[in-house]
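If you want the building blocks of each chain, they are given just below.
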Amino acid sequence: MTAPYAFKLALQSLRKDKWINLLSMLTIFAGLFIISLSYLVLYNVEAATRNLPEKFSLVVYLEDNLPREKISEVIASVKSMREVASVTYISKEEAFRELKATLKNSQYVLEGIDDNPLPDSLEVKLRRDAMGSEPVRQLAETAKKIKGVSEVDYGEKFLSILHDIKNGVRIVGIILAAILSTGIVFVCYSTVKILFYRRNDEIETFKLLGATKGFIRAPFLIEGAAIGTSGGITSLVALYLLQHLVIFRMAVSVPVFRTVLFPADFFLSLPLIGMFLGISGAVIALGRLKY
Amino acid sequence: MDPDGPMIHFQNVSKEYENLTALHDLTFSVEKGEMVFLTGPSGSGKTTLLRLIYLAELPDHGSISIAGWEATTLREASIPFVRRNIGVVFQDFRLLDNRNVFENVSLALRIRGVGEREVKSRVADALKTVNLRHKADSYPRRLSGGEQQRVVIARAIVAEPTVLLADEPTGNLDPETAEGVMRTFKDIHAKGTTIVVATHNRELYRNSGKRVFRLNAGSLVGEEVC
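Line by line, the protein sequences give chains Y and X.
Under my numbering, the first residue of the first sequence carries the number 1, and numbering increases by one thereafter.
Under my numbering, the first residue of the second sequence carries the number 1, and numbering increases by one thereafter.
Do not rely on the hints blindly, as some may be mistaken.
Claimed, not checked - Result set (SDA-like, lysine to any residue): computed pairs, CA atoms no more than 20 Å apart in a straight line:
#	chain 1	residue 1	chain 2	residue 2
1	Y	LYS207	X	ARG94
2	X	LYS120	Y	TYR5
3	Y	LYS16	X	ASP137
4	X	LYS120	Y	ALA3
5	Y	LYS16	X	SER138
6	Y	LYS213	X	ASP137
7	Y	LYS290	X	LEU74
8	Y	LYS213	X	LYS120
Please keep in mind that the hints were generated in silico from the structure rather than gathered at the bench.
Looking at chain Y on its own, in the form it has when it is part of the complex:
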């Protein structure tokens, strides 16, 4: 078959069964739009937590009156751990100065405290790949066993919550995307099947005139691709409108919206994703039909 004729047949069918095709296209749009929104949430959660390891630190408290050489040994031991990016020594005097500076307007808290009650400590920054409640917990356990270390403090709860949120969003996103993608493929599958049955007489005539399976299939594959692509384009337009008419406007009054990031690469590929899902549905439908 000459390709232009396959396109002509597909176009005729898209026009003739415009309501079925429009309904399928809208369903695909809704599916892709929801997938995009969940990806948007995941992307922003990832982006918001990406720089946390640099801000996050583990505090290793040292035993009182540890000699200088011993402190150096502890620092060397901590530094040798794979997960550690940097170690900063904070003397008890320095810590007390910082505390006083922090409590500048609430000096009464320190009234009656003559001696410095704070211990020497090490501020340990972690490598990005070591972030996660379990690796940090293990690291803290190991650090605690070093001779000269009295206590290790880290935001266990914070890390655990952060980890759970990221994982939760990711799992929900993947499940949602899988369900909706299957739904989109099924919509295209059903649409092509309906269109096929509606044109059964025509297909029978094509066959009797010597049409190959390729000749019969090509317009349906083009239709599946067209429906999927237009669903993808519509969701792309909807996301653009969401960004410009909702997020940008709300950012004026609600500051948190100013930080919302749009993953342009993913969104621009929506028409291609739609086309792929549309063709997949058509291929499955044509594979299951007897003709």
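Let chain Y serve as the given structure and place chain X on it in line with the hints.
Just chain X, lined up with the frame of chain Y:
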């Protein structure tokens, strides 16, 4: 594939539908470039026989060879290419109501991948042959039964098949138009096309000098030259 054999050969062919015998032990041949008639009362098996030739059905027993292709051992993917050698004038026309006459006739060429310019000229020629050039833009439902029949003939001959099958091609026509259709068949036959016409209208084959196969209850009960 035997290029020197007959164009159509049936060997002990039988066909049944749910224990009803449609054709029983048929053996006959149609030579290349020959024009033959199949006749017999309604239900005698004429249409089934044609359906076996254009591979819409396969026999339950026996073997069929068409233009050298063995129908019973043919791969499914090869069937369309064998069908392209066969033009069929269907009894129920099989015209597509949502396409005009030009588009209906051109289908046979589009399926073969013929280019647009050639499609236009060959469809125009085919419509001229059946005197329907002025109806190229009309839709089948706006045509009379006779005109529809001629569109089907145009579609069957436009790709210049080696075999032309016609199932009751004059069934809906008045005697004058029927005569015109038969003249068209004779012209096509004169160019070397093998033609099989199934009809119960004696006038079509009387004094034709062609072989006539008589069918009754699925069996070949006679063969004569009329």
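Outcome of the hint check:
no.	hint	in the structure
1	Y:LYS207 x X:ARG94	holds (11 Å)
2	X:LYS120 x Y:TYR5	holds (14 Å)
3	Y:LYS16 x X:ASP137	holds (19 Å)
4	X:LYS120 x Y:ALA3	holds (17 Å)
5	Y:LYS16 x X:SER138	holds (19 Å)
6	Y:LYS213 x X:ASP137	violated (29 Å)
7	Y:LYS290 x X:LEU74	holds (18 Å)
8	Y:LYS213 x X:LYS120	violated (25 Å)
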